[in-house]
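Undergrad: Chains as they are written, first to last, in our numbering: chain A, 1 to 493; chain B, 494 to 986.
By construction, these hints were calculated from the structure, which means they are not laboratory data.
Possibly wrong hints are sitting among the right ones.
What the hints assert, rightly or not - Per the computed footprint, the stretches of chain B lying under chain A, defined by three or more beta-carbons under 8 Å from a beta-carbon of chain A, are:
#1 516–522
#2 526–537
#3 714–721
Stated by the list, open to error - Ranges of calculated distance between the beta carbons of each label pair, as one might list FRET restraints:
#4 Glu531(B) / Asp446(A): 25 to 33 Å
#5 Lys684(B) / Ser208(A): 50 to 58 Å
#6 Gln691(B) / Ser208(A): 28 to 36 Å
#7 Glu322(A) / Asp744(B): 36 to 44 Å
Where a beta carbon is used, it is the ideal one built from N, C-alpha and C, also for glycine.
Protein chains: 2
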Amino acid sequence: MSYYNKLLKNYQQISRFEHLGAICHWDAASIMPSGGSEARSEALAELSVHVHNLSCKPELADWFDKAQTEELSIEEKASLYEMRRVWKQNTVLPESLVEAKSLAGSKCEHAWRSQRRDNDWKGFEKNWAEVVNLSIEEAQIRAEETGKTPYDSMLELYEPGVSTQSLELVFGNVKNWLPSLIDEVIEKQSKDEIIKPQGKFSASMQKSLGLDIMNLLKFDFNHGRLDESVHPFCGGVPTDVRLTTRYDESDFIQSLMGTVHETGHARYEQGLPKHLAGLPVGQARSMGIHESQSLFFEMQIGRSMPFIQILSKKARSKFKREDDISFSSENFYKLYTSVEKGFIRVDADELTYPAHVILRYEIERDLINGKIKHTDVPELWNQKMQDYLGLSTSDNYTNGCMQDIHWTDGSFGYFPSYTLGAMYASQFMAAMKKTVDVNAAISSKDLSPIFTWLANNIWSKGSLLNTNELVKEATGETLNPEYFKSHLKNRYL
Amino acid sequence: MSYYNKLLKNYQQISRFEHLGAICHWDAASIMPSGGSEARSEALAELSVHVHNLSCKPELADWFDKAQTEELSIEEKASLYEMRRVWKQNTVLPESLVEAKSLAGSKCEHAWRSQRRDNDWKGFEKNWAEVVNLSIEEAQIRAEETGKTPYDSMLELYEPGVSTQSLELVFGNVKNWLPSLIDEVIEKQSKDEIIKPQGKFSASMQKSLGLDIMNLLKFDFNHGRLDESVHPFCGGVPTDVRLTTRYDESDFIQSLMGTVHETGHARYEQGLPKHLAGLPVGQARSMGIHESQSLFFEMQIGRSMPFIQILSKKARSKFKREDDISFSSENFYKLYTSVEKGFIRVDADELTYPAHVILRYEIERDLINGKIKHTDVPELWNQKMQDYLGLSTSDNYTNGCMQDIHWTDGSFGYFPSYTLGAMYASQFMAAMKKTVDVNAAISSKDLSPIFTWLANNIWSKGSLLNTNELVKEATGETLNPEYFKSHLKNRYL
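Could you put together the complete structure from these sequences and hints?
TA: Structure representation (structure tokens):
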């Protein structure tokens, strides 16, 4: 057996174990009775150790060296490259650091749940110091390996190929026009009258509506399911995607669009190249590209007027509100595009969201590169919230720098993906519109031309191309923030 | 670390992987979309190989030898004994034989699905010859190891400690009185008028009724769920038992009692000793004892008059049939205790079921011990069906020797467990009645005294005792078929 094939076998084996983990994780988050939790956690931890061992087994170094000298097709070369990239990321850190960070992260995250509620920065800061220090140590080791800056080496984990340099360009661009655009839009919307639909919207009817919309979006129910969980997510495996949502019986509006968002993630997974299943090169390109698909569904398709007209019509009929003015497509459109400055990222609308992300990016970049100390974070947070959204978080840690889970376990480098995703989505839409009459497709309720474009240009590529190549092949140019700006201006002004 | 502790660690690790397998198996059988099947099978096969490797790793032989010389408590000795017993069973066969049998079994079982439908003995017999030969080879190797006869060595896999000698005694006893008792009961019941409830019984109402009954039977929903599957079963893990059923909207009677049966299996699992979780000694004793618990629930509790009165009352109210005479407890009792001679084991009632099992036992015993050839089976089957139930299966393979899945993959030695379970259940009930007013407990709808007895005498024992010890400690004597006989006579005459 060639060394390349030995590697294939190893990664396919890993993928099979990860399959079992993904299903059991989904089960634990959605349907498992609470008494099953302890034994499940132990079983999943045991699996993680096993997958880690398979990912780091000593013979891999030799196999990679030898496979590199074997005769391989272009696709095999890309596959080898991805296997090696993942392997390097997994093996570059000493076990002791991985363990120390994992322990410090668990401790910090666990305590954070009550500390955040209690606005207890002093308590949090003590645990977090260790997480930050270990993350810096990690970033420095990765930097030595990659030849990049520490923070750029962390970015690599979530968004390979994206650097601080490129982020400065695109986020710098956004920072120039976003705060004033937000003010302008809020001023414009201040005259709008928005009516929140009132009443009880049963979970079963909401589910039925969600299933209708998933069918419209061509979610493949032969390879996936819709269920419920406290925190909606898209889990499972490409052959069996487990999408979850939650229902608030007093408000179906947010949950419905949440389902549209998760369906974007799901269709990307379902559309990954089948002949590369189980290999790193057959997986989704990056966090940012994954988010670009969910945001394409949620923001580009889901908040377009023709789509909202469909939502409005379906919701009217499902909830028997034919004459309810709050169900009109005009009102739905206002509900879904209302802009408001707020403290909380996860509650933010499309327009203010990038401000939350850029703030976090700038702070974590300087933190990981050692330019600021972790104790500087609250004041910097307050200052940037004032600059970007005109809000003060002075002494308000709960709604300030302690609001997100990401930093508690040291996932530095993750935040930029959200806004990169939004920008990619805008650029994909602009490119798609050159050949596809998107609004006509939505209005006709046959969205296939849209999905064919995404399947051909994004989903079927897996990780064969790097992000820059993928975006360039799909749109003719690398990431250009102008598309995002135009999209926002068109929608909100 | 002591060698005993090394062994503990290994078996707890195995148990964690088996946890993931159990949940993913349940998922595949109950809620997985069909398109997920291929990748799931591959993932589960990969897991099986891994579990097999952990169960057979070469260092275990040494660890077992050394652990045997360590100072251990009585419970630890029992635990070591069970680990070793399972290990021996797993390692005694050469890999080549395991693989050959697995392949031959899969091939035979797969073809059987259509061959049975087509009454194609000639086709079946060709594949089955190989399965029988490999099973004999397996039994001979196991016999050499255990010093027992080949068939007794196969019995050991399902019912450790039970031998042909003991089966001859108990099954021989049953054979003496069963055929005439069946005739007598059928004659007696010939005057009965039984009315099948008519109408549509919605799956959701049946589920609600099933949940009520599971609550009455104190199924712990903090450690388990009820779902649906084509073939009802009790899966999952002791901390999270996954019970399934199926609903026929034209007949709720059978499904309801099926839920009672599976709840018996479930409560045994939920009641296993928590401090021994993950170890062989903490698992259910045997197939026969497992079946004794499901049959205790189904036959001893479930078909008792006070329980049927509860079922009748709940069903009347659930389906709004207060005045429907077919819902009377008298009619329910007749429905649940009606006796009929039939060809098919899985459709058989409590009274005729043992005849089906004894027939299979006698045939498989002689087959594995080399006293008959596999080509002799149809004629023997026909002859015994005539003797025990007065039915001819001449040229009727579909409803004769080709009806069960068990032999297609070589699970010889399994069948006796069903009737042993029924007999243990009768004996447990007789013993329980010495200290518990069972009928009063059922009538009061507080069945705790019954469950406390089962928990103390059976569930909490795991595999600390062998079957004979377990039965003797619980009832004061080893298996005695007279209890089964009295139970059947009391109920049916």
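Undergrad: None of the hints should be skipped; say for each whether it holds.
TA: Hints, one by one, checked against the model:
1. Coverage of the stretch 516–522 of chain B by chain A holds. Counting CB-CB distances below 8 Å, 3 residues qualify, and the rule asks for three or more.
2. Check result for the stretch 526–537 of chain B against chain A: holds, 10 residues qualifying (beta carbon to beta carbon below 8 Å, three or more required).
3. Under a criterion of three residues with beta carbons nearer than 8 Å to beta carbons of chain A, the stated coverage of the stretch 714–721 of chain B is upheld, 5 such residues being counted.
4. The hinted window of 25 to 33 Å between Glu531(B) and Asp446(A) holds, with their beta carbons roughly 30 Å apart.
5. For Lys684(B) paired with Ser208(A), a C-beta distance near 52 Å keeps the hint of 50 to 58 Å intact.
6. Range check, Gln691(B) to Ser208(A): about 31 Å between beta-carbon atoms, so the 28 to 36 Å window is met.
7. As the Cβ distance of Glu322(A) to Asp744(B) is approximately 41 Å, the hint placing it in 36 to 44 Å holds.
The structure agrees with every numbered hint stated previously.
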